[in-house]
Amino acid sequence: MNPTAPPPRPRRRRGQRRRPVFAIAVTVVFFVLLYLPIAMVVLFSFNAQKSLTIFKGFSLRWYEAFFHDSVLLGSLGMSLEVSLVAMLGSVVLGVALALGLVRNKGRLGAYAGLIMMVPLITPEIVTGVASLLLFKGLGVTLNSGTVMIAEITFSISYVTVILRSRVAALNPEVEEAAMDLGATRWQALRLVTLPALLPAILASAVLIFALVFDDFVLAYFTTGVDPQPLAVRIYSAIRFGVEPTINAVGTLMLAGSITLIGLALAIPRLFGRRGGLDLISGE
Amino acid sequence: MTPTTAPSAAPEAVPAVRLDHVGKEFNGSHAVHDLCLDIAPGEFFSLLGPSGCGKTTTLRMIGGFADPTEGAVLLSGEDVTSLPPNKRNVNTVFQSYALFDHLSVADNIAFGLKRKGVPKAEIRERVGAMVDLVQLGGMAERKPRTLSGGQRQRVALARALVNRPAVLLLDEPLAALDLKLRRQMQVELKQIQREVGITFVFVTHDQDEALTMSDRVAVMNGGRVEQCGTPEDVYERPESRFVAAFMGTSNLVGGVFRDGAVHLDGGPALPVGPRPGIAEGSAVDVSIRPEKIWLSDFEPGMPVVNGVIRETVYSGPTTTYLIELAPGVTVAALEQNTARARMEDRWAGGETVELAYDPEHALVLSH
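Chains as they are written, first to last, in full-length UniProt numbering: chain A, 1 to 283; chain B, 1 to 367.
Everything labelled a hint here was simulated from the structure, so no lab data went into it. Please read these numbers as outputs of a predicted model, since none were measured by experiment. Glycine is no exception: its CB is placed at the ideal position from the N, C-alpha and C atoms. Some hints here could point you the wrong way.
Stated by the list, open to error - Simulated coverage check for chain A against chain B, where a stretch passes if three residues somewhere in it have a Cβ under 8 Å from a Cβ of chain B: (1) 172-179; (2) 190-197.
As the list claims (entries may be wrong) - Pair ranges (Cβ atoms, derived): (3) Arg-145/B - Ala-168/A: 16 to 26 Å; (4) Leu-84/A - Lys-114/B: 31 to 41 Å; (5) Gln-135/B - Arg-269/A: 25 to 35 Å.
What the hints assert, rightly or not - SDA-like mimics (lysine to any residue), calculated; alpha carbons at most 25 Å apart, straight line: (6) Lys-114/B - Leu-198/A; (7) Lys-87/B - Arg-103/A; (8) Lys-116/B - Val-174/A.
Same shape as in the complex, but just chain B (with noise of 0.2 Å):
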């Protein structure tokens, strides 16, 4: 043992995945590339990004549906890269929910437990407690092609959760649900992973879905993770510009960093405070957030910029003002309904407003 590695006192936990410069390449280009992730036991982790940006690939890396053509995939420590998805302490709800048709529900669920020679009356038990889990009572007899998408969609969940796997994985598992069942499915299945405190990892194209279930998120473009960390991380500080615009709606405006603020082509600058890390006279992105900017009761030591309504949206709880910032720039504002309840108080295009905003919320983004 060398002396400058200190023995840890507590030794950190083994990640329940652990993805270790993965790569996978298709006919020459790179559908993942350079890849490091750790999960840790019992996280609710998600792979956000738009469609063909490798997240899907990764999640049959770690299921043993592809072989990575770099790199290794750990699974609580052990190097399980060749071996085949039946070998792998793993289990995955398929977007397509890939039932057995030709199966009971209780016989679909039963599945698993059968190939692993467990005890007929342990089957039945455990099948009995899952259909429970997931709110199939009455329906154990029935054959997936009678029920409704989003009772197939808790059998192919049941059917993998009974394995009691060590990761749970899950391909965009609600895309094919109605919203208002998949809203519901959402907080179903973050209660469901609590319960049975099984990591899971969510691949997803849906940011609000990412943001609600995950304990941490992954965004995904081109083969490679932008960023990672808690959904507040990536919403509230986005590193890159891909982030920034993926993640719900953001206004992100061009100029020039120069004394603590962006100035804009032909237009005013707005005052970021000191950024160590962006070089003076650089070209950078400004992001705010529509939440993010203020249009009354402005707070003292705001900056205060002028701009002209173009367009008022009005959507129920909250309305959005696009606003003109300078020619060829304009931002949106969101605002409660609140103060301004009214149409008559609503501001209207053409009229000249003052938008405000914390210095801290305008992220600079190199370019």
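This is chain A alone, in the form it adopts within the complex (with noise of 0.2 Å):
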């Protein structure tokens, strides 16, 4: 046997293996800030008592004073609905529009895609204004409609940003190949060019759900009086005092919105490849 060189001894330097305590108190301070108010609001959704001070013991009450509460339920429903909708509307649009930028290497795919991130630098609040004048001047009336087409308009940019990069990484040999083995233009889209999309598709449409039901200045802009978007009834809701039932239905969408960006992430795994997020798993 060979003798073995002693293990080289872990030199101390001064400093080297002090516990970095600056940093880990900003980081503790930054996630109770953040994340404070919102266990604040979870917890006093099952608070026995009506106080937003106190906690009084655990109840389901105020869920039950939710589910009781026909405006609240009907704000869901639309908002739901909305959302739903702008999902559809912005992803069918969206990946067209992905797949026109990408292959039209001329001067107005240049410029449309330049265009198309305008929405995205835009302060939402001009957005929701325009809306507005642009509906008040057709003489539209406000309702679940307008703001669908608002919401619409606004999310087709995030859907063609997610899918651009997507398509512009297909190989256009595929396509070719699908219309070579006897397959229409549209079939190869459909067997071929789609379903290797799919995975991003389904991310970005989950994207647009969680973005377009939590919105509230587009909705409040675009919005008619009733029903109202979710947001906006909460809104409203708490100029008048606020109910714990409002921490019920907050709690309600955080469980629901969690629960879609969960869906946002794992969907590139479930297809044992990447493909979804790449703005939020980064490549």
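Build the complex: two chains, separate frames, hints provided.
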């Protein structure tokens, strides 16, 4: 047996092994500030009393109250409906736009690509006011339809941004192969290209649903009076004093959002490859 | 009917592919220029050339992925110039294989048959037979991503062949494989082609591949066919400097043709025999393959030239000698390592040797 060299002693330089106390403190403060208010909402949604400051025992009465509140339920229904329609509309248009932008190599495609980015950098309140002025100018009655149109317009860019890199990464020979094997252009798109894009499409759909469901600004400017989207309804309710019912609604929305985001992140894994929300997971 | 055209007793077979003065222009420059080719049914035909010579563009025009700007493409006598790919009875094996990653191997292969509405039972049977033909047994339910490069290549081949096209187009299908696998697939592809009897149009930049697999080869350069013929034709009797240089290694030596010999600048004259097509006193190139230069055991009547060994390159079965005939004029000579098997038997740099060749093998190419 060879004599083994003694293991190198860990050199202790000054400060090397000290715990980064300051960094830990900042991190803790950051997370407390970020999550404490949310934790309070969740906690007090289960409060047995009406107090918003003292917890008096566990109860589901505020959830019960919510499920008997026809106005809030109407708002929830409208928000779900708006989110679903906005999701479908913006995904169909956004995917089509992504395909068009990538495949149009000319100047038109380049300009369209730039214009497509504008909604992403425009302050939402500007979009909201502009939409309101447009609808008023056209004499359109504000209702759930106007919210849907505004939300779709706003969401297309997100879908396109997510999909565009995926479309660009597609091998053009794959679609050619489909046509070579007898598929028409439309069949090639439906049978080969869209399935290849499916993870990204699903991920962007979930993201849009969550964004639209939560959205307040655009909804506030473009909705009619009755019913109002849930976020707008909650805002109106709070102006006349906070009911703990709102905590219950907020907790339910939080649970819904977490589920959706988890879904969006899990989709690429379900398909056994990357390709979903690169914006979040990074590449 | 005019009396001059006699009715032919045995009508010549309609070519599987006919390119009739086909041209393709991209932004004012010709990728393919005035191309005329006839490819016979059942032929293994190669389009060979360096990258950018127009071979892939030609293949894409046969497949319907590129529209010719001039001329017509005929498949089995039918003009298909304006038909889209899905209306042509050809199938393509793409360079990238272009497999459908979301479908299993079996579904990839079945794709074309499903589009044609072939009954399910028949699809299953034909896909099964094709999986066996390309030796993918047991892989039918796997996804393409889980396969090796060679296996993916076979799926691409099976997916195209299962449709029994009149013509199979192959765009450098072996380029992505390593050398050993490539050699193996060359033999397999040729066997499969013989077995199914389908016309293969094979694009490659690898002259070995074209020579070993093809019935006929078209050597392309700058959007034109430089020469078209059997592998032996293009290798043994190149008609242009480009073909001589592109097909394998060749010694190209410039000189002046006079009295049945090419006189090198400041060097010896290389007898080449009478060449009726070449004008006396014109500047020409002589092309002699390295393996056609003899260094010993000359046969009577061979012209003999002196040279000085400059380099000896040993490569297992053969040794290549670089021999200087005149200042600045060097030729390569290839010898089997049989007579001079041992190192000390081979010539070293600086030694003077005698070279001989058959004048028939010294090709004269005019400028």
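Which of the numbered hints are not met once you compare them with the structure shown?
-> none
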